[in-house]
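Colleague: Here is what each chain is made of, one letter per residue.
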Amino acid sequence: AQTVTQSQPEMSVQEAETVTLSCTYDTSESDYYLFWYKQPPSRQMILVIRQEAYKQQNATENRFSVNFQKAAKSFSLKISDSQLGDAAMYFCAYSKKGAQKLVFGQGTRLTINP
Amino acid sequence: KAGVTQTPRYLIKTRGQQVTLSCSPISGHRSVSWYQQTPGQGLQFLFEYFSETQRNKGNFPGRFSGRQFSNSRSEMNVSTLELGDSALYLCASSLSWTGTNSPLHFGNGTRLTVT
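Top to bottom, those sequences are chains A and B.
Counting in the numbering used here, the first sequence runs from 7 upward without gaps.
Counting in the numbering used here, the second sequence runs from -18 upward without gaps.
Any given hint could be a false lead.
[Said to hold, decoys possible] Listed below are the simulated DSSO-like cross-link pairs for lysine-lysine, each with C-alpha atoms no more than 30 Å apart in a straight line:
#1 A/79 to A/61
#2 B/-18 to A/103
#3 A/103 to A/84
#4 B/-6 to B/38
#5 B/-6 to A/61
#6 A/76 to A/61
#7 B/38 to A/76
#8 A/103 to B/38
#9 A/61 to A/102
#10 B/-18 to B/38
#11 A/103 to A/79
#12 A/103 to A/76
#13 A/79 to A/102
#14 B/-18 to A/102
#15 A/102 to A/84
#16 A/102 to B/38
#17 A/76 to A/102
#18 A/79 to B/38
#19 A/84 to A/61
[Unchecked claim] Partner residues are not named here, just some residues of chain B that face chain A (Cβ under 10 Å, in silico):
#20 -17
#21 -12
#22 9
#23 14
#24 23
#25 26
#26 29
#27 41
#28 71
#29 84
#30 87
In short, the hints are calculated from the structure, not lab data.
Cβ atoms here follow ideal geometry from the backbone N, Cα and C, with glycine treated the same way.
One chain only, chain A, in its complex shape (with noise of 0.2 Å):
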């Protein structure tokens, strides 16, 4: 079965500043999709970012971008220049390809100190 871990539960960071988001995940899968979704407290989730397992280079999306190590199974966010408005939780997910299904990790609350 896959999983996916989030193994910081918690992560703060100065406005203005860069900031790290750790995801590790473990499937036999050759092809599939990684995701970074925010829920900030309106409870929505939000795709912030997608990444396909067969591509090499790494998304971007305006501030957010990834770090994709398929042979290592690491999927990192890198959040520039953090805004207020970039408070929220954090989740990794993983599908298969040609499935709709997620699997999401623990989360990661992010914080942003004015």
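Could you slot chain B onto chain A? The hints should help.
Modeller: Just chain B, lined up with the frame of chain A:
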């Protein structure tokens, strides 16, 4: 375009009762998934529906059931409620079942409290 709509936003039920939660997907989305979120177990997959057919089911007891209608709206039902069913129930929709180019769009969830 309206997002995923879940109703009601909050529910309080008593042990032994049953409950029905509703989810309206984004217009044009045909796939709907449900997740349970609790502090202890985190986010766990419940079911996935596409074109009124259940495509995948998580590891939950038979008290948890769902269905999808021809307009893609979905409902989930929990019978004989237990205290441990207290959770945030999230619904997500996407354009297609394959998921290859269709990210999930989540609703704001229904907070169920069982007393």
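Colleague: Hints first: check each against the structure and report whether it holds.
Modeller: Hint check:
{"no.": "1", "hint": "A/79 to A/61", "verdict": "holds, 14 Å"}
{"no.": "2", "hint": "B/-18 to A/103", "verdict": "holds, 27 Å"}
{"no.": "3", "hint": "A/103 to A/84", "verdict": "holds, 24 Å"}
{"no.": "4", "hint": "B/-6 to B/38", "verdict": "holds, 24 Å"}
{"no.": "5", "hint": "B/-6 to A/61", "verdict": "violated, 47 Å"}
{"no.": "6", "hint": "A/76 to A/61", "verdict": "holds, 10 Å"}
{"no.": "7", "hint": "B/38 to A/76", "verdict": "holds, 28 Å"}
{"no.": "8", "hint": "A/103 to B/38", "verdict": "holds, 17 Å"}
{"no.": "9", "hint": "A/61 to A/102", "verdict": "holds, 15 Å"}
{"no.": "10", "hint": "B/-18 to B/38", "verdict": "holds, 29 Å"}
{"no.": "11", "hint": "A/103 to A/79", "verdict": "holds, 16 Å"}
{"no.": "12", "hint": "A/103 to A/76", "verdict": "holds, 15 Å"}
{"no.": "13", "hint": "A/79 to A/102", "verdict": "holds, 14 Å"}
{"no.": "14", "hint": "B/-18 to A/102", "verdict": "holds, 28 Å"}
{"no.": "15", "hint": "A/102 to A/84", "verdict": "holds, 23 Å"}
{"no.": "16", "hint": "A/102 to B/38", "verdict": "holds, 15 Å"}
{"no.": "17", "hint": "A/76 to A/102", "verdict": "holds, 14 Å"}
{"no.": "18", "hint": "A/79 to B/38", "verdict": "holds, 26 Å"}
{"no.": "19", "hint": "A/84 to A/61", "verdict": "holds, 18 Å"}
{"no.": "20", "hint": "-17", "verdict": "violated, 13 Å"}
{"no.": "21", "hint": "-12", "verdict": "violated, 14 Å"}
{"no.": "22", "hint": "9", "verdict": "violated, 16 Å"}
{"no.": "23", "hint": "14", "verdict": "holds, 6 Å"}
{"no.": "24", "hint": "23", "verdict": "holds, 5 Å"}
{"no.": "25", "hint": "26", "verdict": "holds, 5 Å"}
{"no.": "26", "hint": "29", "verdict": "holds, 5 Å"}
{"no.": "27", "hint": "41", "verdict": "violated, 13 Å"}
{"no.": "28", "hint": "71", "verdict": "holds, 6 Å"}
{"no.": "29", "hint": "84", "verdict": "holds, 5 Å"}
{"no.": "30", "hint": "87", "verdict": "holds, 4 Å"}
When held up to the earlier numbered hints, the structure conflicts with 5, 20, 21, 22 and 27 and fits the remainder.
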